[in-house]
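Participant: Residue-level listing of the chains:
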Amino acid sequence: MSAKLFEITKQPLSQDDILRRVSRFDCGGVVTFAGTVRGSTATDGGARETDFLVYEAYLPMAEKMMARIGDEIQERWPLVKGVSILHRIGRCDVEEPTVLIAVATPHRDDGCFEACRYAIERLKEIVPIWKQENWRDGEVWVEGPRQPELDVGSPDGLQG
Amino acid sequence: MSAKLFEITKQPLSQDDILRRVSRFDCGGVVTFAGTVRGSTATDGGARETDFLVYEAYLPMAEKMMARIGDEIQERWPLVKGVSILHRIGRCDVEEPTVLIAVATPHRDDGCFEACRYAIERLKEIVPIWKQENWRDGEVWVEGPRQPELDVGSPDGLQG
Amino acid sequence: MNVRLILFAGLRQAAGFKRETVCLPEAATVGELLESRLPGFLDRTFYVAVNEEFAQRDTVLQDGDEVALLPPVSGGELFPRRRSLRL
Amino acid sequence: MNVRLILFAGLRQAAGFKRETVCLPEAATVGELLESRLPGFLDRTFYVAVNEEFAQRDTVLQDGDEVALLPPVSGGELFPRRRSLRL
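Residue numbers (the numbering used here), protein chains in the order written: chain A, 1204 to 1363; chain B, 1204 to 1363; chain C, 2 to 88; chain D, 2 to 88.
Among the clues, some could well be false.
Said to hold, decoys possible - Coverage of chain D stretches by chain A, computed from C-beta distances (three or more under 8 Å per stretch; other residues unrestricted):
hint, stretch
1, 7 to 18
2, 30 to 38
3, 41 to 50
4, 61 to 73
As the list claims (entries may be wrong) - Short, incomplete list of chain B residues facing chain C, as computed with Cβ under 8 Å:
hint, residue
5, VAL1330
6, ILE1332
7, GLY1347
8, ASP1354
9, GLY1356
What the hints assert, rightly or not - Straight-line alpha carbon distances no greater than 25 Å define the calculated SDA-like cross-link-like pairs of lysine to any residue that follow:
hint, chain 1, residue 1, chain 2, residue 2
10, B, LYS1213, A, LYS1207
11, C, LYS19, B, ARG1251
12, C, LYS19, B, PRO1281
13, D, LYS19, A, PHE1255
14, C, LYS19, C, THR46
15, C, LYS19, B, ASP1229
16, C, LYS19, B, TYR1321
17, B, LYS1267, B, GLU1210
18, A, LYS1207, A, GLY1242
19, C, LYS19, B, THR1212
20, D, LYS19, A, ARG1294
Because the hints were derived from the structure by calculation, they are not lab data. Just so it is clear, the structure is predicted and the values come from calculations on it, not from any experiment. Where is the CB? At the ideal position from N, CA and C, for every residue including glycine.
Just chain A, same shape as in the assembly (with noise of 0.2 Å):
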């Protein structure tokens, strides 16, 4: 299998295809995640409409990153067999998936639940892309909550 498994890409992602670059012949427990487009969230002021996302990456760190979520996995749960993660950019529409996760375990006691997980939590915290979020009157890029440990901004990040 020549695709790769951390990969950015402008292109529609699909569920197939994730599934066949992590698919082994010793596996038989795949889990995947996928990150879609919510066009209403719930908000205690009322349901907040979307129309699109537009996603943006530092290439080629972001693909690193992903790999090193990977490697994280293939410590934490030795079991795990293959990992592929897969993140859009560019202009995503509501309900389509932006992200990507599989992991492939022989059983699915494995870990690949767990590791599934844990990836889409790391992809938040170390993984360099974000979100513009675009509705009728307004846009904005969204961030994330905090890491102290990688802030370099505001006084805590002193400490490295």
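With chain A held as given, fit chains B, C and D onto it using these hints.
Facilitator: Only chains B, C and D this time, still in chain A's reference frame:
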């Protein structure tokens, strides 16, 4: 979307297809489990090879039980917005998916991982589908572990 | 009364038939059906569905019921052992 | 020495530029680069990568380094608030 959410089929399964079946305007996370045919299984006695599997189902009870799992998920994870379970019958070759389970939630922390895991365990308990393993010099109908509360063959089954 | 008996997978293979219509006295139970038609099966593990709902050994049958004998479903074991029904 | 500065997403938007070459004294640190070029950013939360590896405020720069300013990655929040950078 008119596609069935709980379906037994002779056709090859597609992860893109099941994603479409559960995708919703207000959901941002979908977890899909694929059970695939292992060609080689590590055992205490060395690797065991499989050529192909043949699945047989009791229809329509199997689809009814899959829908019941969807209802159970809805009760346990009320934030879940969509569940679909697809299972193949007939011959399935190595690396092909034989079962797909997809669960959609607004956010990834709303139970999609947990509910998907629950569904595959529950499927093995109550959905009447069996697999025949075929290898170079034999074949066998594989039986799963006993669920004492369902067993009517042995004496414990006397208690309803 | 008549009930339809259906067997699946390894049970079907062991019994040598898939479907059969069985004539039983009125108000016979699942257990009585098994004892009369498949006494050799009573030490095996399997489940019974009557009209596609799981039933028990003392479930009372009615004329026209469909009684299905279901082995424990396949793939439930995380590390399956290979059982030799026919090698 | 010269380093290349790259900004992304909200930081790029706030700064009004994406790439710039900055001339610095030898052995300047990430912190000194920020103080000299983007002092208004020092109360914001962001991360820095030097040559595509996460770095800290006291990381020493070398001629030709690529210094990227990275906002906390998007979508990390389970329940995002809408921040108004440009409405």
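Participant: Hints first: check each against the structure and report whether it holds.
Facilitator: Structure-based check of all given hints:
Note: the stretch 7 to 18 of chain D has 5 residues with beta-carbon separation from chain A under 8 Å; the three-residue rule is met and the coverage holds. Given as covered by chain A, the stretch 30 to 38 of chain D passes the check, having 3 residues with a CB less than 8 Å from a CB of that chain where 3 are the minimum. Residues of the stretch 41 to 50 of chain D with a Cβ under 8 Å from some Cβ of chain A number 9, which satisfies the need for three, so the listed coverage holds. Restraint check on the stretch 61 to 73 of chain D versus chain A: 4 residues with Cβ-Cβ distances below 8 Å, three needed, restraint holds.
Interface hint at VAL1330 (chain B): satisfied, since its Cβ lies 6 Å from the closest Cβ of chain C, which is below the 8 Å cut-off. Among the interface hints, the one on ILE1332 (chain B) holds; its C-beta lies about 6 Å from the nearest C-beta in chain C, closer than the 8 Å criterion. Taking 8 Å as the C-beta cut-off, the interface hint given for GLY1347 (chain B) holds, the closest approach to chain C being about 3 Å. Checking ASP1354 (chain B) against chain C by beta carbon gives a least distance of about 5 Å; that is within 8 Å, so the hint holds.
For GLY1356 (chain B), the interface hint holds, the least distance from its beta-carbon to any beta-carbon of chain C being 5 Å, beneath 8 Å. At most 25 Å may separate the alpha-carbon atoms for a hinted pair to count; LYS1213 (chain B) and LYS1207 (chain A) exceed this at roughly 31 Å. For the hint pairing LYS19 (chain C) with ARG1251 (chain B), the CA-to-CA distance comes to about 30 Å; that exceeds 25 Å, so the pair is violated. With a CA separation close to 41 Å, the supplied pair LYS19 (chain C) and PRO1281 (chain B) exceeds the 25 Å bound.
Taken as a hint, the LYS19 (chain D) and PHE1255 (chain A) pair is honoured in the structure, with Cα atoms around 23 Å apart against an allowance of 25 Å. A distance of roughly 18 Å separates the Cα atoms of LYS19 (chain C) and THR46 (chain C); the hinted pair therefore holds under the 25 Å criterion. Distance check on the hinted pair: LYS19 (chain C) and ASP1229 (chain B) sit about 46 Å apart at the alpha-carbon level, beyond 25 Å; violated. Taking the CA atoms of LYS19 (chain C) and TYR1321 (chain B), the gap is near 32 Å; set against the 25 Å cutoff, the hint is violated.
Simply put, LYS1267 (chain B) and GLU1210 (chain B) have alpha-carbon atoms about 9 Å apart, close enough for the 25 Å limit, and the pair holds. Between the alpha carbons of LYS1207 (chain A) and GLY1242 (chain A) the distance comes to roughly 30 Å, so the proposed pair goes past 25 Å and is violated. Pair hint LYS19 (chain C) plus THR1212 (chain B) holds up; C-alpha atoms about 21 Å apart against a cutoff of 25 Å. The straight-line distance between the Cα atoms of LYS19 (chain D) and ARG1294 (chain A) is roughly 19 Å, inside the 25 Å bound, and the hint therefore holds.
In terms of the numbered hints stated before, the structure departs from hints 10, 11, 12, 15, 16 and 18, listed from lowest to highest.
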